[in-house]
Amino acid sequence: MSDLLWLSDRRMAVIEPFFPLAHGVPRVDDRRVLPGIVFVIRNGLRWCDAPSAYGPHKTLYNRFVRWSRLRVFDRIFAALAGQAGEPDGIMIDSTHLKAHRTAASLLKKGMFPAVSGGPRAA
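Last residue of the sequence shown? That's 135 in this note's numbering, and every number before it is there in order.
No wet-lab data here; the hints were simulated from the structure.
Treat the hints with caution; some may be incorrect.
[Said to hold, decoys possible] What follows is a set of in silico ranges between Cβ atoms, one per label pair, in the way DEER data are often shown:
hint, residue 1, residue 2, range
1, G95, I54, 32 to 40 Å
2, R45, G102, 31 to 39 Å
3, L83, R45, 18 to 26 Å
4, G102, A35, 39 to 47 Å
5, D62, F90, 21 to 29 Å
6, A91, L58, 20 to 28 Å
7, H36, P100, 14 to 22 Å
Quick reminder that beta carbons are idealized off the backbone N, C-alpha and C, glycines included.
Use the sequences and the hints to build the structure in full.
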């Protein structure tokens with residue numbers, strides 16, 4: 014499967030400081046699980062449809078939920094966005110945005126990304 018997403022050593026070194034510490038039992042390889050989460054979300058797949066090369070789908074789901082509640086992804090995205098500097102422009106294509114009726118409950122569960130401090134669109 015050559016279409017799988019894998020992170021290089023350099024990219025992993027940039028985001029590893031944001032990972033929470035493992036308590037007790039060591040975690041499954043982050044180098045395999047994190048790209049699996051990105052692959053599922055990027056392709057709009059169900060967790061059970063994730064390629065087995067990324068590990069068990071239940072592990073991908075559990076790690077995504079746990080790290081979302083701990084705001085790990087928020088910190089990673091904020092750090093990466095801060096390294097890039099100010100964008101020249103931002104474009105949003107609303108034809109691709111979809112929301113399920115249960116999406117409103119994600120904020121209560123702590124799974125919705127934090128709102129950025131940037132200027133709002135008019």
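Results of checking the hints against the structure:
Between G95 and I54, the C-beta spacing of about 22 Å breaks the proposed range 32 to 40 Å. One distance hint, 31 to 39 Å for the beta-carbon pair R45 and G102, holds here, with the actual separation near 35 Å. The beta-carbon spacing between L83 and R45, approximately 20 Å, falls within the hinted interval of 18 to 26 Å. For G102 and A35, the Cβ-Cβ distance of about 40 Å falls inside the hinted range of 39 to 47 Å, so the restraint holds.
The hinted window of 21 to 29 Å between D62 and F90 holds, with their beta carbons roughly 24 Å apart. Under the hint 20 to 28 Å, the C-beta atoms of A91 and L58, about 26 Å apart, fit the expected range. A C-beta distance of roughly 37 Å is found between H36 and P100, which places it outside the suggested range of 14 to 22 Å.
Hint compliance for this structure: hints 1 and 7 are not met, and every other hint is.
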